[in-house]
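Starting from the given sequences, assemble the full structure and let the hints guide the process.
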Amino acid sequence: MTTRLYIPRETTASSLGAELLVDAISTEAKYRNLPIEIVRNGSRGACFLEPLIEVETFTGRVGYGPVQLEDIPDLFDANFLSGGQHRLALGSVDDLPWFKQQERLTFARCGLIAATSVDEYRKLGGFAGLRAALSLSAADVVKTVLDSGLRGRGGAAFPTGIKWKTVLDAEADQKYIVCNADEGDSGTFADRMIMEGDPLSLIEGMIIAGIAVGATKGYIYLRSEYPLTQQILDEAIANAAAAGYLGSNVAGSGKTFELEIRMGAGAYICGEETSLLESLEGKRGQIRFKPPLPALKGLFGKPTIVNNVITLATVPVIFEKGAKHYASFGRGRSLGTLPFQLGGNVKAGGLIEKAFGLTLRQLIEQFGGGTASGKPLRAVQVGGPLGAYFPEALLDTPLDYEDFAKAGGMLGHGGVVVFDTSVNLAKMARFSMEFCSVESCGKCTPCRIGSVRGMETIDRIVAAKDEQERDRQHLVLKDLCETMESASLCAMGGLTPMPVMSAVKHFKGDFQ
Amino acid sequence: MLDFFQPNRPVRPDLQPLSAAAVSATGVDVSPMMPVVSPAKLQEFSLDEATRVVQEFKDQPGALINALHKLQHTFGYVDEAALPMLAKLFNVSRAEVHGVTSFYHDFRRSKPGRYTIRVCQAEACQAMGSEELSAAIKQLLGCDFHETTADGVFTLEKVYCLGNCACSPNIMVDKQTYGRVSLASFKALTQQLAQKAAGSK
Chain A
122 MTTRLYIPRE
132 TTASSLGAEL
142 LVDAISTEAK
152 YRNLPIEIVR
162 NGSRGACFLE
172 PLIEVETFTG
182 RVGYGPVQLE
192 DIPDLFDANF
202 LSGGQHRLAL
212 GSVDDLPWFK
222 QQERLTFARC
232 GLIAATSVDE
242 YRKLGGFAGL
252 RAALSLSAAD
262 VVKTVLDSGL
272 RGRGGAAFPT
282 GIKWKTVLDA
292 EADQKYIVCN
302 ADEGDSGTFA
312 DRMIMEGDPL
322 SLIEGMIIAG
332 IAVGATKGYI
342 YLRSEYPLTQ
352 QILDEAIANA
362 AAAGYLGSNV
372 AGSGKTFELE
382 IRMGAGAYIC
392 GEETSLLESL
402 EGKRGQIRFK
412 PPLPALKGLF
422 GKPTIVNNVI
432 TLATVPVIFE
442 KGAKHYASFG
452 RGRSLGTLPF
462 QLGGNVKAGG
472 LIEKAFGLTL
482 RQLIEQFGGG
492 TASGKPLRAV
502 QVGGPLGAYF
512 PEALLDTPLD
522 YEDFAKAGGM
532 LGHGGVVVFD
542 TSVNLAKMAR
552 FSMEFCSVES
562 CGKCTPCRIG
572 SVRGMETIDR
582 IVAAKDEQER
592 DRQHLVLKDL
602 CETMESASLC
612 AMGGLTPMPV
622 MSAVKHFKGD
632 FQ
Chain B
69 MLDFFQPNRP
79 VRPDLQPLSA
89 AAVSATGVDV
99 SPMMPVVSPA
109 KLQEFSLDEA
119 TRVVQEFKDQ
129 PGALINALHK
139 LQHTFGYVDE
149 AALPMLAKLF
159 NVSRAEVHGV
169 TSFYHDFRRS
179 KPGRYTIRVC
189 QAEACQAMGS
199 EELSAAIKQL
209 LGCDFHETTA
219 DGVFTLEKVY
229 CLGNCACSPN
239 IMVDKQTYGR
249 VSLASFKALT
259 QQLAQKAAGS
269 K
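Residue numbers (my numbering), protein chains in the order written: chain A, 122 to 633; chain B, 69 to 269.
Just so you know, the hints here were simulated from the structure itself, not pulled from any lab data.
Mixed in with the good hints, there may be bad ones.
Claimed, not checked - Subject to a maximum C-alpha distance of 27 Å in a straight line, what follows is the list of computed DSSO-like cross-link-like pairs (lysine-lysine):
#: 1; chain 1: A; residue 1: K404; chain 2: B; residue 2: K179
#: 2; chain 1: B; residue 1: K206; chain 2: A; residue 2: K404
#: 3; chain 1: B; residue 1: K179; chain 2: B; residue 2: K156
#: 4; chain 1: A; residue 1: K404; chain 2: B; residue 2: K226
#: 5; chain 1: A; residue 1: K564; chain 2: B; residue 2: K179
#: 6; chain 1: B; residue 1: K226; chain 2: A; residue 2: K468
#: 7; chain 1: B; residue 1: K206; chain 2: A; residue 2: K418
#: 8; chain 1: B; residue 1: K156; chain 2: A; residue 2: K404
It should be emphasised that the depicted structure is a prediction, and the values quoted were computed from it without experimental measurement.
Here is the structure:
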C-alpha cells in the first residue's frame, strides 16, 4: 500500500533543507522497496519544527521534526511510514499544545493540503464561501464583510467593508482588485505562508471582492524576495482557471474575473498602497497625495480595492461560516483573529493565529517559550520596522488594535520580534532612521531629509560629552520626530518616529 | 539607496580574508542541509536579444517593471543601452525609464558575479546576530556590500527581510533562502557554491 507523506514546499522549510529531504526520502524508499507518495503541502506554521514531515497512518496523521538528512535511515529503521516511535516523533501535530491553543480561521487549511490542489481545497470547505457570495446581491456581499468586523490586516486596520462599499458605489467602466503582497515589514511572514500554503484562499477572496464591486481584473503585487511564492501562486492560479473559477464564467455565474501576478523590485515603500499602484503602472514607486482615495481613483485612475493578502484570504471563511461566526472571535472593535508572527530571538517561533485579546506575554511565553539564546528578554518590537519597542514592563498589553495604540504602539501586520539583553536600543533607533533614509521614496521632505538628520542626531546623542549636550540633542530629536510625524505624506515618514521615540522613552540609558 | 550608476568598485584591500582557524573557532556545527544551487545561466548582452525578450510586454499596461525583470533575468543586469529601446516600446521618455530603473533596489547596472548573495539586515535577523555575521561575511569574501569578489564568483548585497524571521539569521543566494545561517555554515556553503561555479564555466 502506498503511504502518503507530507513535506512542505515552502520557504522556511526549504531554507532549512526540505528539498534535500524530498530527494533523500524518495531514494531511500525506492531502495527499501516501499511505495510512497510525497504530497507538497505548505508549512503548518511551526517554524521551529521545520522541516516537519507528516505521515498518514491508519490511526491518523503523525509528525516528525525537525528532520535532518542524517535522520532519514534512522526514521526508516524506526518504521516511521507506519508511525513508528522515534526521537523526532511528535504524534498528532494537531494535538501539540502549540497548535491546540490556536484559533485558526484564515489558516485553517494551511499545511493540511497539497497547496495548489483545487480538489483538496474544496474538500476542506474551499469555494463554499464563493458559492454563498454568488447567491447574494452585491450590496449584501459588502454588508456581510462589514458585519464581520474585518479590518485591513496590512497594518492600517481600516474597516474592509467600508472600503468595499466605496468602490461598489463608484461609477466606472472598469474597476480593479489589487492584492498587496509586498510583505516588506521585517518580522512578518503571514502573507507568504498563506500564499505558499493555501493560495486558493487568497484567489477565492479576490474573486469574491471582484464579484461584490463589479471588478473584472485583479492584480497580486508580490515582492521579489519571494520567488518560491511566485511559483506556487502561478500554479494555483492556473489550477483555479482550469477548474473554471477564473476567466469569463466564474463558477458558472457568467461573471468575469481575471488574475495576474506582478512582481515588485525590492522597494519597501511599495507596500504603501498608492506607491504600490504607481509601481503597478510601471512607474517609480512614489506615493500619491490622498485624496483622491484609491477606492475612487486607483489603478490607472479607476476605482480600486487595495487589500492586504490576509484580509483577502480571510474573506472566504467569513462567507463559508457567516459574518456572525467570524465576529464572535476577538473583542471590542478588534474582531476576528490575527495571524501573529513570532520571530527574532525566540525559541519556538512561527505563525500563531489567535483571536485578538491575548497578551504579548502569553504569546511570547506560552507559544514562543522565551528567548532562543536563553538570556532574559529585554525588548519586543511589534508591527514591523515602524512599530514601537516595548520593554518587559509592557508585556501584559493585550494584542488588540486599540489597546496597543493606547500603550503607544501599533499592532500593524502582527509581526512580533523578540530581543534579548544583548540589544542596544540606541542602535536600533538609529537603524530605524537609517532604514527610512534608504527606503524613503523621496517625495516629501520630512521623510527624505528628516531620516538622515535623525541618524546624525542619534549619533550626536550617543557621542555627547556631557549631560547638557546630550539633553540638547534629545530635544532636537524629539522636535524632528514631531515634524516627521505630523508633516510626512505617508506612514513611512509618519511612523518612523514610533520605534525611535519608544526606544528613547523606555530605554533612555542606552543612548550614551 | 544603492547608487545605480556606480559600477562595481575594486575589491577592498582593508577587508582581509579570514583565516580557516578563525572560521572553525566559531564552533558551530556545519549543517549539511544547505542545497547547493546552480549558478544562473546568463547571456551576454546584445540589444537585439534584449529587444526580442521584452516584446511580450508591449501591449500590457504598465509592464515596464516586468520588462526590466526580464532583462535582468536574461543578462544578469539592465544594460544602459537597453533604456532607449524600452522608452520607445512603452512610449515614455528615456528619463522616465532611467527614473524607474534607478528607483528599485533590485535592478543592477553592471554584471553581477556568478551568484548574488543577499544578507538580511532587518530587525529579527539583528536579534540573532546578523550584524556580526555580516561583518564576518565581508571579511571572508573580501568584499563589501554592493561589491563582487575578486574572482567574480559572488556579489554581496544586503536585503531588508526575507520573510523567514523565526529562523534568523537569513541569507538568500539567487532564489534560494537559507535560514539559521552561521559563519561556519556560510563558509561551507560558499565553498561548495564556488566549486559548482568552477565546474560549470
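Comparing the hints with the structure gives:
1. Taking the CA atoms of A:K404 and B:K179, the gap is near 24 Å; set against the 27 Å cutoff, the hint holds.
2. Under the criterion of a C-alpha separation no larger than 27 Å, the hint pairing B:K206 with A:K404 is inconsistent with the structure, at around 34 Å.
3. For the proposed pair B:K179 and B:K156, the alpha carbon gap of about 24 Å is at most 27 Å, so the pair holds.
4. Distance hint between A:K404 and B:K226 is fulfilled; the C-alpha atoms sit about 24 Å from each other, no more than 27 Å.
5. Distance restraint check for A:K564 and B:K179: the Cα-Cα separation of roughly 30 Å exceeds the 27 Å cut-off, and the hinted pair is therefore not satisfied.
6. Straight-line distance between C-alpha atoms of B:K226 and A:K468 comes to about 26 Å, which keeps the hinted pair within the 27 Å bound.
7. Note on B:K206 and A:K418: the hinted pairing is violated, with a Cα-Cα distance of about 47 Å set against a maximum of 27 Å.
8. Between the alpha carbons of B:K156 and A:K404 the distance comes to roughly 15 Å, so the proposed pair stays at or under 27 Å and holds.
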